[in-house]
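So the chains spell out like this:
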Amino acid sequence: MKNIFLLAATLLFLATTGFTQKFYTKSGKIDFDATSASSPEKIEGVNRTATCVVDTKTGAIQFAVLMKGFAFERALMEEHFNENYVESHKFPKAEFKGTITNNETVNYSKDGTYSVTVKGKLTMHGETKDVETQGKLVIQGGKVNANASFNVLLSDFKIAIPGLVADKVSKTAKIIVSCSLEPLKS
Amino acid sequence: MKKLSHYCITGLFLLLFTIHLSAQDEDLLKLVGGQEKPTKERIKYAFKSPRVINSHSMEFLNPGTMDFRILHRFGQLDQGYKNFFGLDQASMRMGFDFGILQNLMVGVGRSTYKKELDAFIKYAPVRQSTGPWSSPVTFALVSGITMDGLEWADPNRKNFFTSKLAYYFQAIIGRKFSEAFTLQVSPTMVHKNLVQLQTDPNNIYAIGVGGRLKLSQRIAFTWDYSHVIIGMPDSGYYHPLSVGLDIETGGHVFQLHFSNSTGMNERAFITETTGQFGKGEVRFGFNLSRVFQIKKKKHQK
Numbered sequence: 239m240k241n242i243f244l245l246a247a248t249l250l251f252l253a254t255t256g257f258t259q260k261f262y263t264k265s266g267k268i269d270f271d272a273t274s275a276s277s278p279e280k281i282e283g284v285n286r287t288a289t290c291v292v293d294t295k296t297g298a299i300q301f302a303v304l305m306k307g308f309a310f311e312r313a314l315m316e317e318h319f320n321e322n323y324v325e326s327h328k329f330p331k332a333e334f335k336g337t338i339t340n341n342e343t344v345n346y347s348k349d350g351t352y353s354v355t356v357k358g359k360l361t362m363h364g365e366t367k368d369v370e371t372q373g374k375l376v377i378q379g380g381k382v383n384a385n386a387s388f389n390v391l392l393s394d395f396k397i398a399i400p401g402l403v404a405d406k407v408s409k410t411a412k413i414i415v416s417c418s419l420e421p422l423k424s
Numbered sequence: 051m052k053k054l055s056h057y058c059i060t061g062l063f064l065l066l067f068t069i070h071l072s073a074q075d076e077d078l079l080k081l082v083g084g085q086e087k088p089t090k091e092r093i094k095y096a097f098k099s100p101r102v103i104n105s106h107s108m109e110f111l112n113p114g115t116m117d118f119r120i121l122h123r124f125g126q127l128d129q130g131y132k133n134f135f136g137l138d139q140a141s142m143r144m145g146f147d148f149g150i151l152q153n154l155m156v157g158v159g160r161s162t163y164k165k166e167l168d169a170f171i172k173y174a175p176v177r178q179s180t181g182p183w184s185s186p187v188t189f190a191l192v193s194g195i196t197m198d199g200l201e202w203a204d205p206n207r208k209n210f211f212t213s214k215l216a217y218y219f220q221a222i223i224g225r226k227f228s229e230a231f232t233l234q235v236s237p238t239m240v241h242k243n244l245v246q247l248q249t250d251p252n253n254i255y256a257i258g259v260g261g262r263l264k265l266s267q268r269i270a271f272t273w274d275y276s277h278v279i280i281g282m283p284d285s286g287y288y289h290p291l292s293v294g295l296d297i298e299t300g301g302h303v304f305q306l307h308f309s310n311s312t313g314m315n316e317r318a319f320i321t322e323t324t325g326q327f328g329k330g331e332v333r334f335g336f337n338l339s340r341v342f343q344i345k346k347k348k349h350q351k
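So the protein lines, in turn, are chains A and B.
Under our numbering, the final residue of the first sequence carries the number 424; numbering is consecutive throughout.
Under our numbering, the final residue of the second sequence carries the number 351; numbering is consecutive throughout.
Only chain A is shown next, with the shape it has when bound in the complex (with noise of 0.2 Å):
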């Protein structure tokens, strides 16, 4: 009797640990690129500071990035995304929630490459909209490091483009995101 309870405790102990392993960072880095063919130059923000948890038994994967932690080359630019294109103060963050869908094809023990198909709802300037993309996860010694790029149409996120700069900003943005996740320790 004593044994069974024992069995019990160590599979439900195992249950909690061993198995819901999750890898975060709070250093991942997101590039933004609004450049459009006609543009005189270079529209392209990168922020070093997104911060993204995958939880390896469910295959949820969560982004969170502040918006004002884009840095641009343009200092005039960086203000006008701020103050006119994401409206940072009224918005402050953009979220992504998903899922890997083919989650159970990944072996985090095991180093390799794996093409993962990620989808969920990326909420930015304050509209949600669902969001479906491939991308790549490497595993190595036990990290994980998530690569992935796709594109949103600005006016998905009611962010306005004037007219009078209509053919400098391109309409659709890239987003490009590139993490190193480490085991979290829970």
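No lab work stands behind these hints, which were simulated from the structure alone.
This one's a predicted model, so the numbers in the text were calculated from it and none came from an experiment.
Check the hints yourself; a few may be wrong.
[Stated by the list, open to error] Straight-line alpha carbon distances no greater than 16 Å define the calculated EDC-like cross-link-like pairs of lysine to aspartate or glutamate that follow: (1) B:Lys165 x B:Asp198; (2) A:Lys295 x A:Glu342; (3) A:Lys409 x A:Asp271; (4) B:Lys94 x A:Glu325; (5) A:Lys306 x B:Asp77; (6) A:Lys328 x B:Glu229; (7) B:Lys94 x A:Glu316; (8) A:Lys331 x A:Glu365; (9) B:Lys164 x B:Asp198; (10) B:Lys346 x A:Glu365; (11) A:Lys335 x B:Asp77; (12) B:Lys346 x A:Glu311; (13) B:Lys264 x A:Glu325; (14) A:Lys412 x A:Glu321.
[Stated by the list, open to error] From the derived model, a few chain A residues whose C-beta atoms are all more than 12 Å from chain B: (15) Gly350; (16) Thr351; (17) Tyr352; (18) Asn389; (19) Leu392; (20) Ala398.
Note that the Cβ used here is the ideal one computed from N, Cα and C, for glycine as well.
Place chain B on chain A using the hints.
Below, chain B without anything else, positioned relative to chain A:
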């Protein structure tokens, strides 16, 4: 039996713990968030430009940028159609301002009015911010010099170069109260080395009140008033008032306004404003500001 119940309780506890953990999976970000220390963050973009209209604003240029400014003041509106409401006459100032540090900038300019050259340095020891050790206001200091470029009125008398010079010193205390509303107060002292009349004072003290009310994302209503407290000549001179609109279009900021002063540097508009705003002695004017990035920011790749 005692032992059995002990295990039972342990098991139950662990079970609860498991449930608790899986419930948390809903928001994974909470697992890693919440430990961030609150950081000091500077309040940015109190004004679209480092000038309210005529006066310096609490805002600074970004380091590595140059602001090329073309300022126009036309003739008085009350001159009617004869002078096309003043548009037939124009006075201008061309200026180059440079952002050196986040809180330090310098600039030079040349006005057609009195062929005057001017230069200034502006520094903010304290900037409005949020977070620990933050300040509710921006405190900035401006020091400037102007040089009259006109010929000597009387070449026969002994003239000194220093007679062409005037100086101004200004403190700016400003606060961006909300995204839409910014207000600043700026006590100013102007010192003129040479004045026209013996009764005219060399030192003029004024207090400026400037502000911005954002009407939309790219358009703002601005006003800029200076009240001369000490040193106002007995007649013929008035307190300068300008009201206008800031319109931002991509890389340019247009400041369209009505003002009773022609002068476009501190000496000129604080001490030599001859128009009476209430009597329609008002001029249309515009400032065109174009910011160039002359030193690229280090791009993190």
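Results of checking the hints against the structure:
A distance of roughly 6 Å separates the Cα atoms of Lys165 (chain B) and Asp198 (chain B); the hinted pair therefore holds under the 16 Å criterion. A hinted pair counts as satisfied when its Cα atoms are at most 16 Å apart, and Lys295 (chain A) with Glu342 (chain A) qualifies at roughly 9 Å. Only pairs whose Cα atoms come within 16 Å are accepted, and Lys409 (chain A) paired with Asp271 (chain A) is accepted, the gap being roughly 11 Å. A distance of roughly 13 Å separates the Cα atoms of Lys94 (chain B) and Glu325 (chain A); the hinted pair therefore holds under the 16 Å criterion.
Proximity of Lys306 (chain A) to Asp77 (chain B) is assessed by CA-CA distance (about 22 Å); at most 16 Å being required, the pair is judged violated. The suggested pairing of Lys328 (chain A) with Glu229 (chain B) holds, with an alpha-carbon distance near 9 Å, which does not exceed 16 Å. A distance of roughly 11 Å separates the Cα atoms of Lys94 (chain B) and Glu316 (chain A); the hinted pair therefore holds under the 16 Å criterion. Pair hint Lys331 (chain A) plus Glu365 (chain A) holds up; C-alpha atoms about 11 Å apart against a cutoff of 16 Å.
About 6 Å separates the Cα atoms of Lys164 (chain B) and Asp198 (chain B), which keeps this hinted pair within 16 Å; it holds. The suggested pairing of Lys346 (chain B) with Glu365 (chain A) is violated, with an alpha-carbon distance near 33 Å, which exceeds 16 Å. Proximity of Lys335 (chain A) to Asp77 (chain B) is assessed by CA-CA distance (about 9 Å); at most 16 Å being required, the pair is judged to hold. Of the pairs offered as hints, the one joining Lys346 (chain B) and Glu311 (chain A) holds, with about 6 Å between alpha carbons and a cut-off of 16 Å not exceeded.
This hinted pair checks out: Lys264 (chain B) and Glu325 (chain A) have alpha carbons roughly 14 Å apart, not beyond 16 Å. Among the hinted pairs, Lys412 (chain A) with Glu321 (chain A) is inconsistent with the structure: their alpha-carbon atoms are about 20 Å apart, more than 16 Å. Here Gly350 (chain A) stays apart from chain B, with its beta-carbon at least about 23 Å from theirs, past the 12 Å limit. At roughly 23 Å, the least C-beta separation between Thr351 (chain A) and chain B is larger than 12 Å, which holds for a residue marked as non-interface.
With 12 Å as the threshold on Cβ separation, the claim that Tyr352 (chain A) sits away from chain B holds: the shortest Cβ distance comes to roughly 19 Å. The beta carbon of Asn389 (chain A) sits about 21 Å from the closest Cβ of chain B, which is more than 12 Å, so the claim that it is off the interface holds. No beta-carbon of chain B comes within 12 Å of the beta-carbon of Leu392 (chain A); the shortest separation is about 15 Å. With a closest Cβ-Cβ approach of about 9 Å to chain B, Ala398 (chain A) is found to fall inside the 12 Å limit, against its non-interface label.
In terms of the numbered hints stated before, the structure departs from hints 5, 10, 14 and 20, listed from lowest to highest.
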